[in-house]
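Enquirer: Chain by chain, the residues run as shown.
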Amino acid sequence: MSDTADTGGDTPPLAGVRVLDVASFIAGPAAATVLADFGADVIKVEPLDGDPLRRMGDGAGMPKCDVDYSWALDNRNKRSIALDLKRADGRAVLDRLIARADVLITNYPFPVRARLRLRYDDVAPVNARLIYASLSGYGETGPEADQPGYDITTYFGRSGIVDAMRVADGAPSLTLPAQGDHPTAMTLFGAIMLALFTRERTGRGGQVATNLLHNGIWSNGIFAQAALLGAYPEPRRGRQYAKNALANAYRARDGRWLSLVIVREERLWAGFCQAIGLPGLIDDPRFATRAARAQRVPELMAILDAQFATRDLADWRPRLEAAGITFGTLPGLRDLPDDPQLAANGTFIATSDPDVPRTIANPISMAGAPQVAPRRAPALGAHTDDILREAGHAAADIAALRASGSVG
Amino acid sequence: MSDDTPLDAELPLAGLTVLDVSSFIAAPAAATVLGDFGADVIKVEPPGSGDPHRNSFQNPNYPRADVNFVWQLDGRNKRSVALDLKHADGRACFDRLVSRADVMIVNFPAPVRERLRLRWEDVAPVNPRLIYASLTGYGETGPDRDMPGFDVNAYFGRAGILDAQRTEDGPPGFSLPAQGDRCAAMTIVAAILMGLRRRDRTGQGGWVGTSLYANGVWSNGTLAQAALVGAFVEPRPPRTRPRNALANIYRTRDDRWVQLTLVREDKGWERLCRALDRADLPADPRFATRDARRANSAALVAILDAAFAAQDWAHWRRVLRAHEVTFGVVERLQELPRDEQARHAGIIAETTSPSVPYTINNPVRLGFARPRPAGAPPAVGQHTGQILREIGLSDAEIAALRAAGAAD
Chain C
1 MSDTADTGGD
11 TPPLAGVRVL
21 DVASFIAGPA
31 AATVLADFGA
41 DVIKVEPLDG
51 DPLRRMGDGA
61 GMPKCDVDYS
71 WALDNRNKRS
81 IALDLKRADG
91 RAVLDRLIAR
101 ADVLITNYPF
111 PVRARLRLRY
121 DDVAPVNARL
131 IYASLSGYGE
141 TGPEADQPGY
151 DITTYFGRSG
161 IVDAMRVADG
171 APSLTLPAQG
181 DHPTAMTLFG
191 AIMLALFTRE
201 RTGRGGQVAT
211 NLLHNGIWSN
221 GIFAQAALLG
231 AYPEPRRGRQ
241 YAKNALANAY
251 RARDGRWLSL
261 VIVREERLWA
271 GFCQAIGLPG
281 LIDDPRFATR
291 AARAQRVPEL
301 MAILDAQFAT
311 RDLADWRPRL
321 EAAGITFGTL
331 PGLRDLPDDP
341 QLAANGTFIA
351 TSDPDVPRTI
361 ANPISMAGAP
371 QVAPRRAPAL
381 GAHTDDILRE
391 AGHAAADIAA
401 LRASGSVG
Chain S
1 MSDDTPLDAE
11 LPLAGLTVLD
21 VSSFIAAPAA
31 ATVLGDFGAD
41 VIKVEPPGSG
51 DPHRNSFQNP
61 NYPRADVNFV
71 WQLDGRNKRS
81 VALDLKHADG
91 RACFDRLVSR
101 ADVMIVNFPA
111 PVRERLRLRW
121 EDVAPVNPRL
131 IYASLTGYGE
141 TGPDRDMPGF
151 DVNAYFGRAG
161 ILDAQRTEDG
171 PPGFSLPAQG
181 DRCAAMTIVA
191 AILMGLRRRD
201 RTGQGGWVGT
211 SLYANGVWSN
221 GTLAQAALVG
231 AFVEPRPPRT
241 RPRNALANIY
251 RTRDDRWVQL
261 TLVREDKGWE
271 RLCRALDRAD
281 LPADPRFATR
291 DARRANSAAL
301 VAILDAAFAA
311 QDWAHWRRVL
321 RAHEVTFGVV
331 ERLQELPRDE
341 QARHAGIIAE
351 TTSPSVPYTI
361 NNPVRLGFAR
371 PRPAGAPPAV
381 GQHTGQILRE
391 IGLSDAEIAA
401 LRAAGAAD
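Residue numbers (this note's numbering), protein chains in the order written: chain C, 1 to 408; chain S, 1 to 408.
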């Protein structure tokens, strides 16, 4: 598809779809974000003290920033109504919203749903065309169904991914914040689309669901499928066990990594030694032939480790390129904002929010259906009055709800 | 969502025809999900060896198994037609398939699509109601559009995930086979369903797509959004001197890992000390307060390392639970086959294929339908004759195509 294939101005594909985001943190709300990106009217239903994600920005592993980037990403394009669902009049407001909605997304633990009467059986009588989208940690039933699950513990830890990311004799590798939540959100979005597609044909709503554990195992499907047959991977061997020092990753002075891929060693060895400033190695009998190098991998790696640490990646790049050495780099987060490939494909989109001028488009592209221009993630209860009026509440009603503390 | 919910008479995607014109994992896995929910998926493969993914199970990094477990996972619920698209007669058969299809999934690099006339603009004239789903490594446009992308380089490396997973002084992280491919597959599924729903309303087919790179950035969205506002986090310190020794992983005597996640640290710390049989520790001034524990985290890790290494995982699970210490499980794939929760959550499904009796369900659950039971995946061209008859070819014509090498 070329950019010109966009016929812009078309109605977004999900215009007219009404979504209630009765969910917290990331995987559930991010599915609602994707619906909103494609034009759905998403109402975030929050408790009076708000989604706890609003207060989560300052965890130890999170970048420090005055701007609430995590909230901005996962709640753009939504309106917020603050409701106390434990109060009868607050709950009555939710029922009116449900009666008008197409989709309700919730990720509350099952005991909370039972207490708040938010199970499918509680809401289906209000609206038989409703699509009820449930996100859980461990699935809808079973011994662990009521356990709270998070991306790190459930998608990554419980699914076997973290264990399989061990290097031999080493600790498991780390995962990044919400790294499993965002793919899980796409699964939930897909499930909702399947139900909307089906409703067009049958006229009926219904339940759809996914869970973090299943998405983790699905992602790790090859190893999981092998496990079902009793076959397991060996722990990965660390870079110190490389079989070839010239097919390995090295760290430059600025902490960036490059991975050498020297396929035609015989032809490139001398040029490589020149390029990295170690001409003395060319005829060094310890390394002069491929067979000799293969026998002294740790020794050669130690020399190369020390040498690559003397210059920045930007300095190594032209030297290696000039010598015809193939290498890959591992971009860091600092490299993403200016990546022309991302710009060319609309991965980042401009917002109208000066604090967060660019955000990350969801990964779906659709010809003729650009993602809507991102609107700022809402302040808590920013749209309470508007939404109540749309649901038919008179001004006096709204005042009474506010006076009783049922809305905020 | 209980298992006794009444199901619709038909699977939700029954009646849809999907052409899987793709290789390896992300795109074919999307076709698998559509097949799971009832679509008739026709895998269009080159005659002879077919999709090279048929041989992936022999990859040296995969667990050793005699049966083709990978192909069972990604080839299930499909039929195979072997066509030479470079041969005019083979191409004519393909166009007939396109004219009857609802969805076509393609992941060949852009230059190959151009050569084989498999771009949207090549096939749209044959069937304007077609949903054309494109998967690329790096996107539809931009300087890197023609580069082949795999999940390890496009999803994990390029999106900054591997770099951000490193610890101070440590090497970059690594990913598991197809770990990102299967996430991208769910994105394609969702995009296709959105396209189908739009077609039901407008009568128009159209182009939808996603890239591995965009899915990697989406998964890494929280840190990528921080990068867009100029906020970064330094690489994590190594496990032996973490920011917080009580949010860290520890190895047990039998080489399992315990993931401590002490949320309410004041209470949790004393409980942990009792569980470790180290009632002396809370009085130790190095660890008496939260700040002191942070300042002396390396000393605390040394003590906890020694303590956890003294007993097996089963002991710690029992003792930590008894003392109400919150911990996560770094689960092993070895546990998956008998995981009761995985069975309840529908993560593992029975197949009708005796050599691979269990497989991994896709992560979408529906209240109104169950996925189709997985049969054995097809051999190359197993259904060529059947499919060509369905599109109206006579036995003589099929024989001629076979003789010409255009189909097999």
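Hints are not guaranteed to be accurate.
[To be verified] Quick list of simulated restraints, FRET-style, between CB atoms:
hint, chain 1, residue 1, chain 2, residue 2, range
1, S, Pro-128, C, Pro-357, 36 to 44 Å
2, S, Gly-15, C, Val-126, 27 to 35 Å
3, C, Arg-402, S, Arg-343, 33 to 41 Å
Bear in mind the hints are in silico, worked out from the structure with no lab data behind them. Here a beta-carbon is modelled for each residue, glycine too, at the ideal position from N, C-alpha and C.
Enquirer: Compare the structure with each hint and give your call.
Expert: Right, here's what the structure says about each hint:
Distance hint check: the CB atoms of S/Pro-128 and C/Pro-357 are about 39 Å apart, consistent with the given range 36 to 44 Å. For S/Gly-15 and C/Val-126, the Cβ-Cβ distance of about 31 Å falls inside the hinted range of 27 to 35 Å, so the restraint holds. As the Cβ distance of C/Arg-402 to S/Arg-343 is approximately 48 Å, the hint placing it in 33 to 41 Å is violated.
Hint compliance for this structure: hint 3 alone is broken.
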